[in-house]
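Visitor: Two chains, two frames, a set of hints: combine them into the complex.
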Amino acid sequence: MELYVGGAYQGKLQFVLSEHPELTEENVYDCAGAPEAVPDPSQIIWNHFHLLFRRLTEEELEAFMEGFDGIVICDEVGSGIIPMDKEEEAFRERVGRRLVMLAKRAGRFERVVCGIGMRLK
Amino acid sequence: MLILILGAAASGKSELAESVCLGLAGKEPSAPALLYVAAMRPEGEEAERRIRRHRELRRGKGFETIEAYTDPAGRVGSHMQAGSLKKSIVLLECLSNLAANCLFSEEGKLRDPDRIEREIRENLQQLSEAAGHLVLVGSDVFSDGILYPAETESYRRVLAALQQWAAKRADLVIESVCGVPLCLKGSLSWFMGNGEEA
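Protein chains in written order, with numbering that gives the first Met the number 0: chain A, 0 to 120; chain B, 0 to 197.
Quick caveat, the hints were computed from the structure, so don't treat them as lab data.
Idealized CB from N, CA, C, for every residue including glycine.
Each hint should be verified, as a subset may be incorrect.
As a list, the in silico EDC-like pairs of lysine to aspartate or glutamate whose alpha-carbon atoms are at most 20 Å apart [stated by the list, open to error]: (1) B:K85 to B:E121; (2) A:K85 to A:E57; (3) A:K85 to B:D143; (4) B:K184 to A:E18; (5) A:K120 to A:E18; (6) B:K167 to A:E109; (7) B:K184 to A:E109; (8) A:K103 to A:D68; (9) B:K167 to A:E18; (10) A:K120 to A:D68; (11) B:K85 to B:E63; (12) B:K108 to B:E42; (13) A:K85 to A:D68; (14) B:K85 to B:E42.
Not the full set, but computed from the structure, chain A residues with beta-carbon under 7 Å of chain B [stated by the list, open to error]: (15) G6; (16) A7; (17) G10; (18) F14; (19) E75; (20) V76; (21) S78; (22) G79; (23) F108; (24) V112; (25) G114; (26) I115; (27) R118.
Just chain B, same shape as in the assembly (with noise of 0.2 Å):
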């Protein structure tokens, strides 16, 4: 199953992403490995405060850390061995700093979007196919209105283009509201236990 869980900063959707994980895990007969694969890359204060942050949500959860700033794919596959990923689910976070890790040079410099977006779909077709199930969290940072200079209005085009790739392609598609989840694709119905099959 691929689950996207899209939703403004702060709303929630890590807290939502990993239930959502438990849920699917809940329902595998053996307990599966719960993979967390981190995109963010520890720099900086801001970041390293939010790295905690996450770590500390994280914590009991049964989670195993990745972390993989442009290649997801590759870091997981080579991390575990085929089969035993194929019956793991793993949790990509988040959409958002891939799509800048890879867009942008370590100098700042904008590479081809085009190029960029494509490789990146790949990467996630790859991920998807290798992995049991795999949850990828979004960002919304579209809705303000605001005309940003030309490599960050490249770099939305190519995080809302990954996502509207990934939307069409999950089962579920879920904003996170205030945490609430707002299904916008599939039910949530299996997830929120309520006892009816999605």
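Here chain A stands alone, though its shape is the one from the complex (with noise of 0.2 Å):
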């Protein structure tokens, strides 16, 4: 499993179509979907991971995920100041604490800044 972070609007997954020459958009699964949607076999790319945690809690991100070993791409969200709102604070939370576990789990892992990628592992 591959794993690609940056800040909102960083040209992410320009980035990975540009290092996985054989995907295309057809391959990219959009998190920001509706609850009920889930991928197709052939969206080995999930964008937008971030978005998940607005609509599953972690028991169903757990099922949701299960065997998947295709390419994350989220936000970083972590650097603010905590949020008042405590739903807001959980859903930082969440997010950091899963990408640090797939960062564990990832065979690639980068972080894109700007449109440039810089691999960390």
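Guide: Here it is, written out as structure tokens:
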């Protein structure tokens, strides 16, 4: 599995597609989708991964991700002030913790800043 | 040469950008002119405090300051002859102010983001071709995980697109981490003075 993180609007998906010429937009699953939306087997790039946390509980996410061995693209969301709102605080915490887990598992892990990738693993 | 300097708020971007300019100047046989293009409007107490701080930082380094809130290429072009400009080092600070000045009208109304982005790109392209070297300072406002109101998100999108555009063309992209340069693209060795050429 591969993991790509970075701030919002940093060109992460474009970077992943340029690194994987065999993949196209058709292989992209947008996690912003409806709660019941599930990826097609060919959709091995999960884009906007952080948005999954808006619609799935931890248990649901576990089930959703079971056996997943594709490419995760996720916004880094932890560099602001701790949100006053409890739900927002939990969201940020869950995304961060999950990314640490995924980075451990990933065979390739990069951070994308301004369209430039930096391989961390 | 085109150089892009990124970093969070108060991460030492300006001082690093100035050092890069001085480093570039030091490599030229005849001392080139140093132009500081200020995009921040001196409105409000906080802006004035920042401007004072930046002026203090630049003091004695030999920069001439030109204020350009929306049209850096035009302002610099009318200030200096093309021949001298071609030998100058231009530091533009910063893209986040420039983008905000261009995107929002004086009444705070949002203009067409696609058109504004294109106009700024063309302006910067023109400036980069006219200057000897151009150093652009950007800003990281993308990693706090907050979804802002639509107008702010438009602004973030325009700024991100401009920075990616610049990064693609830049010879050197540096992220300032507490004032320490982290090289994202190109090589810093010429500037750090360890004798290696980029």
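Visitor: Each hint needs a verdict: does it hold in this structure or not?
Guide: Hints versus structure:
{"no.": "1", "hint": "B:K85 to B:E121", "verdict": "18 Å, holds"}
{"no.": "2", "hint": "A:K85 to A:E57", "verdict": "16 Å, holds"}
{"no.": "3", "hint": "A:K85 to B:D143", "verdict": "16 Å, holds"}
{"no.": "4", "hint": "B:K184 to A:E18", "verdict": "17 Å, holds"}
{"no.": "5", "hint": "A:K120 to A:E18", "verdict": "15 Å, holds"}
{"no.": "6", "hint": "B:K167 to A:E109", "verdict": "18 Å, holds"}
{"no.": "7", "hint": "B:K184 to A:E109", "verdict": "15 Å, holds"}
{"no.": "8", "hint": "A:K103 to A:D68", "verdict": "13 Å, holds"}
{"no.": "9", "hint": "B:K167 to A:E18", "verdict": "16 Å, holds"}
{"no.": "10", "hint": "A:K120 to A:D68", "verdict": "17 Å, holds"}
{"no.": "11", "hint": "B:K85 to B:E63", "verdict": "16 Å, holds"}
{"no.": "12", "hint": "B:K108 to B:E42", "verdict": "17 Å, holds"}
{"no.": "13", "hint": "A:K85 to A:D68", "verdict": "32 Å, violated"}
{"no.": "14", "hint": "B:K85 to B:E42", "verdict": "32 Å, violated"}
{"no.": "15", "hint": "G6", "verdict": "3 Å, holds"}
{"no.": "16", "hint": "A7", "verdict": "5 Å, holds"}
{"no.": "17", "hint": "G10", "verdict": "5 Å, holds"}
{"no.": "18", "hint": "F14", "verdict": "10 Å, violated"}
{"no.": "19", "hint": "E75", "verdict": "5 Å, holds"}
{"no.": "20", "hint": "V76", "verdict": "2 Å, holds"}
{"no.": "21", "hint": "S78", "verdict": "4 Å, holds"}
{"no.": "22", "hint": "G79", "verdict": "3 Å, holds"}
{"no.": "23", "hint": "F108", "verdict": "16 Å, violated"}
{"no.": "24", "hint": "V112", "verdict": "6 Å, holds"}
{"no.": "25", "hint": "G114", "verdict": "4 Å, holds"}
{"no.": "26", "hint": "I115", "verdict": "5 Å, holds"}
{"no.": "27", "hint": "R118", "verdict": "12 Å, violated"}
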